[in-house]
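Given next are the chains, with one letter for each unit.
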Amino acid sequence: MPRSSHVVLVIDDEQQIRRFLRAGFEIHSFSVLEAESAGEGLKAAMLRSPDLILLDLGLPDMDGGELLERLRAWSDVPLIVLSVRADEHEKVRLLELGADDYVVKPFGMAELLARAHAAMRRHVRSSVGTPIVRAGPLSIDFVNRHVSLDGKRISLTRKEYRLLQLLGQHAGNVVTHQQLLKEIWGAGHVHFTQYLRILVRKLRHKIEADPANPTIVATELGVGYRLAQPEPAAPPIHAPERARV
Amino acid sequence: MTMGFRWWRRRGTPDPLTARPGRAKRDEFYRAIFRAAATRFPDVKLFPIITSIGLIAATTAALKLLHSVLPIDHVTLVFLVPVMICAAQWGLVPALVATLVAVAAADFFFYPPLYTFNVDDPRDIIDLVLFSCVAVVTSELAVRLRNAVQAASRREAEVRDLYAFSRRLAACTKPADIHAAIRDYLSSSLKTPAILIVGAEKPAQPPDEPLGLPDEIRAAAADLFAGRNLEPRVIAEPRGRHVWLVRPVAPEELDFGVIAVDLGTQTSSGLDAIRQRIDGALADAAATLARLDVARLIEDARQRAQTDLLRKALLGAVSHDLRTPLASIVGASTILVAAPSIRQDPRLRALLEVLHDEAGHLNDDIQNLLDAIRITNETVQAQAEWVDLADVVNAAIERRRARVANRRVDVQLPGDLPLVKVEARLIEQAFGHVLQNAAKYSPLGSPIVVRAAAEADRVVLSVRDEGIGLTREEIEHIWERSFRGARHPDVNGTGLGLWIARAFVVANGGTIEAVSAGPRCGTTISIALPVVPYETEEAEEACDA
Chain R
1 MPRSSHVVLV
11 IDDEQQIRRF
21 LRAGFEIHSF
31 SVLEAESAGE
41 GLKAAMLRSP
51 DLILLDLGLP
61 DMDGGELLER
71 LRAWSDVPLI
81 VLSVRADEHE
91 KVRLLELGAD
101 DYVVKPFGMA
111 ELLARAHAAM
121 RRHVRSSVGT
131 PIVRAGPLSI
141 DFVNRHVSLD
151 GKRISLTRKE
161 YRLLQLLGQH
171 AGNVVTHQQL
181 LKEIWGAGHV
191 HFTQYLRILV
201 RKLRHKIEAD
211 PANPTIVATE
221 LGVGYRLAQP
231 EPAAPPIHAP
241 ERARV
Chain H
1 MTMGFRWWRR
11 RGTPDPLTAR
21 PGRAKRDEFY
31 RAIFRAAATR
41 FPDVKLFPII
51 TSIGLIAATT
61 AALKLLHSVL
71 PIDHVTLVFL
81 VPVMICAAQW
91 GLVPALVATL
101 VAVAAADFFF
111 YPPLYTFNVD
121 DPRDIIDLVL
131 FSCVAVVTSE
141 LAVRLRNAVQ
151 AASRREAEVR
161 DLYAFSRRLA
171 ACTKPADIHA
181 AIRDYLSSSL
191 KTPAILIVGA
201 EKPAQPPDEP
211 LGLPDEIRAA
221 AADLFAGRNL
231 EPRVIAEPRG
241 RHVWLVRPVA
251 PEELDFGVIA
261 VDLGTQTSSG
271 LDAIRQRIDG
281 ALADAAATLA
291 RLDVARLIED
301 ARQRAQTDLL
311 RKALLGAVSH
321 DLRTPLASIV
331 GASTILVAAP
341 SIRQDPRLRA
351 LLEVLHDEAG
361 HLNDDIQNLL
371 DAIRITNETV
381 QAQAEWVDLA
391 DVVNAAIERR
401 RARVANRRVD
411 VQLPGDLPLV
421 KVEARLIEQA
431 FGHVLQNAAK
441 YSPLGSPIVV
451 RAAAEADRVV
461 LSVRDEGIGL
471 TREEIEHIWE
481 RSFRGARHPD
491 VNGTGLGLWI
501 ARAFVVANGG
511 TIEAVSAGPR
521 CGTTISIALP
531 VVPYETEEAE
541 EACDA
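Respectively, the protein sequence lines represent chains R and H.
Quick note: the first sequence uses the numbering used here, first residue 1, plus one each step.
Quick note: the second sequence uses the numbering used here, first residue 1, plus one each step.
So that you can see chain R by itself, here it is in the shape it has in the complex:
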């Protein structure tokens, strides 16, 4: 993916956050726009048409949800929410209003970049139309409705495929419980989380090497699921020793 021309708009009222984000994105060849307030951010989004927006929750002049609604009225630009841990409901609300993903403060640059790239790929896919999404050993062929694992086709039930398709459309980004429940079982079932848990278990048994320790369909506790996409964007802090389990 060419990275030279990407423009990221950071909407955050904290100067020190904007400063480190500027450094982080500039190192990765983005050009960075900054906005201190929601109003300023909306204006910049309109005039400069950025490729990515980072939106901090808790801006003094406007509710994040309102900004998102206004923005989504005319733009499908990839948008990542910067939140704190306590804002569980706010996070889900913004995801439902059209945010692509979120990161929880404090977050690492690698994590943020991975989310950002996933969101930008989603944007490209939706405008160009990409027939195949890959996640590790898994590939989903949207045209033929085929799912294959390490090149071998596997058979899924209709609902399992629908789940994978939804996650695949947002590959790398989180999809909320409510979004999944609504798409798979209909609007009357958005609170039947148990259905979703069972379905995910079944799917994991078919696609994960170790269903108890999933690497493809990742859980975002209290929010939703994410189709994991390994992103070699930046080296993790504890690179060598990942001797878990």
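Heads up, a few of these hints could be off.
Unchecked claim - In silico BS3-like pairs for lysine-lysine, Cα to Cα no more than 27 Å straight-line:
(1) H:Lys45 / R:Lys182
(2) R:Lys202 / R:Lys159
(3) R:Lys202 / R:Lys152
(4) H:Lys25 / R:Lys206
(5) H:Lys25 / H:Lys45
(6) R:Lys159 / H:Lys421
(7) R:Lys182 / R:Lys202
(8) R:Lys152 / R:Lys182
(9) R:Lys159 / R:Lys206
(10) R:Lys202 / H:Lys421
(11) R:Lys152 / R:Lys206
(12) R:Lys159 / R:Lys182
Simulated from the structure, these hints should not be mistaken for laboratory data.
Bear in mind the structure is a predicted one, so any value in this text is a computation, not a measurement.
Could you slot chain H onto chain R? The hints should help.
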């Protein structure tokens, strides 16, 4: 009413115990007469009778004067006028006295033979008898009319008083205002001189008792407050012969106070009427007091809510102010890692790891502090949803990867573990604390085993380490806030972890317990969560369709 009788007594009657013996005999005679009169005719007054007689005398004199100029028959007709005046003004007894005196006067001064009480003409006798009958009947009618008018105006005054009273009650904002209103109302409308309201604040010591409250009444009020006798009581004060009513302001609520009303000297029928009025007034007052009580509760709740809001705002600000710089530090350290010059220098890299890890610890500590404040100040309410415990365990291990990196974490979860209905984040936090604790107090490279098992109505998630174990005394105290094991002062920590873990598990309807065979024998901490039955088959079908 007994005003007249009392008027007499006030003027003339000394107390029998204090009177001197010579006067006592004479007084005894008068008293006997008046007592008899008072019992027969409770309304009798001396002044109206004398005035009635005077009125008849004046009429007689005037008639006599007129008669000398212009002789008239049927003087008795004229006598009806003063008799009616007496009846309308003072009631039946003065009217009857006036009638008698009028008959006597007519006979004496006008019917021949004059200046004797004899009558010559039998028609005159009939005339006098007829006069008497007419006088009595019209007097009776006049008295009834008078009574009706009096009653109407009294009722009007009562209603006016009561209206003013309820208007005043409506404006009351403090119990003391209401007490003052009751006192004023009863004193003015019932004309009862002594009213006592014992304040609610200090039930044992009536704060504002008027002078001259008899001991018996005081004792009865104290009795009420002690809860020995809650019924309204009418008590006769033995010395002054006054009757007192002692009752709580509100029948069920002693806090509103006790009221004692001096009813004077009452007959039992008068007593009933006055008690009804007092009951009515006090019912209004009690309702207002109850309303004030509700208002006070509302006020309290409002203040609590405000304090809550303030605390939340403060917490939000603190957490924001601490985390924003922390986010910059962590973010910056992850950027620096990517810089080529640092990547090539292992010493700089190690330094960066320290920076990153310590910032992570600081972030955890802030989270713990916020959780601790939340647990202390409000009851943690879980936002329960269906959760796969395997997800919770994986997320907790993932988030504490750095902390458990040097232990062998062995996760053994059955694939068909029932779902639990909990708030995932709280259980993740609780389990994370338990896991972190296990890592903290066990040697490097030792295994930590995470197991889960479904039981009849619960799922038990356990963490077993091969660490320092627990003494019997430590087992009793590890769930307390800020408890730190004394055997290992070198291990860092705030002592909040397990306390928070317990609070979060309990908030989700679960239990948590620690088992250890003793020091150096390892520890097993188990979190048990209730399993809410759900239609497994239905869910399976919903997934397969």
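Now the hints, each set against the structure:
About 94 Å separates the Cα atoms of H:Lys45 and R:Lys182, which puts this hinted pair outside 27 Å; it is violated. Simply put, R:Lys202 and R:Lys159 have alpha-carbon atoms about 10 Å apart, close enough for the 27 Å limit, and the pair holds. Distance hint between R:Lys202 and R:Lys152 is fulfilled; the C-alpha atoms sit about 18 Å from each other, no more than 27 Å. Restraint check: the Cα-Cα separation between H:Lys25 and R:Lys206 comes to about 122 Å, which exceeds 27 Å; the hinted pair is violated.
Only pairs whose Cα atoms come within 27 Å are accepted, and H:Lys25 paired with H:Lys45 is accepted, the gap being roughly 23 Å. Between the alpha carbons of R:Lys159 and H:Lys421 the distance comes to roughly 23 Å, so the proposed pair stays at or under 27 Å and holds. The suggested pairing of R:Lys182 with R:Lys202 holds, with an alpha-carbon distance near 19 Å, which does not exceed 27 Å. Restraint check: the Cα-Cα separation between R:Lys152 and R:Lys182 comes to about 30 Å, which exceeds 27 Å; the hinted pair is violated.
The straight-line distance between the Cα atoms of R:Lys159 and R:Lys206 is roughly 13 Å, inside the 27 Å bound, and the hint therefore holds. Distance check on the hinted pair: R:Lys202 and H:Lys421 sit about 19 Å apart at the alpha-carbon level, within 27 Å; holds. Annotation: proposed proximity of R:Lys152 to R:Lys206 holds, straight-line Cα distance about 12 Å (limit 27 Å). Restraint check: the Cα-Cα separation between R:Lys159 and R:Lys182 comes to about 12 Å, which is no more than 27 Å; the hinted pair holds.
Against the hints set out earlier in the document, violations occur for numbers 1, 4 and 8.
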